[in-house]
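Q: Work out the full structure: start from the sequences and follow the hints.
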Amino acid sequence: MATGATVNEELSKIKSFYLGHQDLKGMFAVDAGSTQGVAQVMKESNLPSKGVHGGGFDLLPTTIQLIHEGFLDFTIDQQPYVQGFYTVMEAFVFLASGGLVGPADINTGLKFVTKETVEPYLNTSTRYEGKTTKPQIVPMSGAIRS
Numbered sequence: 001m002a003t004g005a006t007v008n009e010e011l012s013k014i015k016s017f018y019l020g021h022q023d024l025k026g027m028f029a030v031d032a033g034s035t036q037g038v039a040q041v042m043k044e045s046n047l048p049s050k051g052v053h054g055g056g057f058d059l060l061p062t063t064i065q066l067i068h069e070g071f072l073d074f075t076i077d078q079q080p081y082v083q084g085f086y087t088v089m090e091a092f093v094f095l096a097s098g099g100l101v102g103p104a105d106i107n108t109g110l111k112f113v114t115k116e117t118v119e120p121y122l123n124t125s126t127r128y129e130g131k132t133t134k135p136q137i138v139p140m141s142g143a144i145r146s
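According to full-length UniProt numbering, numbering within the sequence shown proceeds without interruption in unit steps and concludes at 146.
Hints listed in this document are in silico derivations from the structure and should not be mistaken for laboratory results.
Careful, some of the hints might be misleading.
As the list claims (entries may be wrong) - Straight-line alpha carbon distances no greater than 30 Å define the calculated DSBU-like cross-link-like pairs of lysine-lysine that follow:
1) Lys-25 - Lys-111
2) Lys-13 - Lys-43
3) Lys-15 - Lys-43
4) Lys-115 - Lys-15
5) Lys-111 - Lys-50
6) Lys-131 - Lys-111
7) Lys-13 - Lys-50
8) Lys-15 - Lys-134
9) Lys-43 - Lys-111
10) Lys-15 - Lys-111
A: So this is what it looks like as structure tokens:
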């Protein structure tokens, strides 16, 4: 369903949808604002306790917090920093090569953020996930995970 262009409009439509479909088993959103809205409705109606599951896309702070609290099963980190970085690099190489090197299809990965993997998103402020513009190298603990 079309949820709208603002977070408040999205939340209102998701609430209305849920009220009209209280027997649903899950909700999945395909954009940042709707994912936050699904998480908020899941919390307000305590849907996880009723066996309802929810998920979506993107890393709004409320979404991350509600995953941590157990009200949303997952969100997909589309890695916007990587999307932008690769786009600029592709454009640079295209122009520098006089068009001989064309843009490629680049897969930025499928990275699920769940209750088990949300901690770094809560405790790290980086430009890579959009919380700051400060240049930095972030130390990583543990093995590489996708």
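Q: Hints first: check each against the structure and report whether it holds.
A: Taking the hints in turn, this is what the structure says about them:
Between Lys-25 and Lys-111 the CA atoms are separated by roughly 24 Å; this keeps the pair inside 30 Å, and the hint holds. At most 30 Å may separate the alpha-carbon atoms for a hinted pair to count; Lys-13 and Lys-43 meet this at roughly 16 Å. For the suggested pair Lys-15 and Lys-43, the alpha carbons sit about 11 Å apart, so the restraint of at most 30 Å is met. Among the hinted pairs, Lys-115 with Lys-15 is consistent with the structure: their alpha-carbon atoms are about 23 Å apart, no more than 30 Å.
Straight-line distance between C-alpha atoms of Lys-111 and Lys-50 comes to about 27 Å, which keeps the hinted pair within the 30 Å bound. A threshold of 30 Å between alpha carbons decides the hint, and for Lys-131 with Lys-111 the separation of about 18 Å falls inside it, so the pair holds. A distance of roughly 21 Å separates the Cα atoms of Lys-13 and Lys-50; the hinted pair therefore holds under the 30 Å criterion. Only pairs whose Cα atoms come within 30 Å are accepted, and Lys-15 paired with Lys-134 is rejected, the gap being roughly 37 Å.
For the suggested pair Lys-43 and Lys-111, the alpha carbons sit about 23 Å apart, so the restraint of at most 30 Å is met. Between Lys-15 and Lys-111 the CA atoms are separated by roughly 27 Å; this keeps the pair inside 30 Å, and the hint holds.
Consistency with the previously given hints fails for number 8 only.
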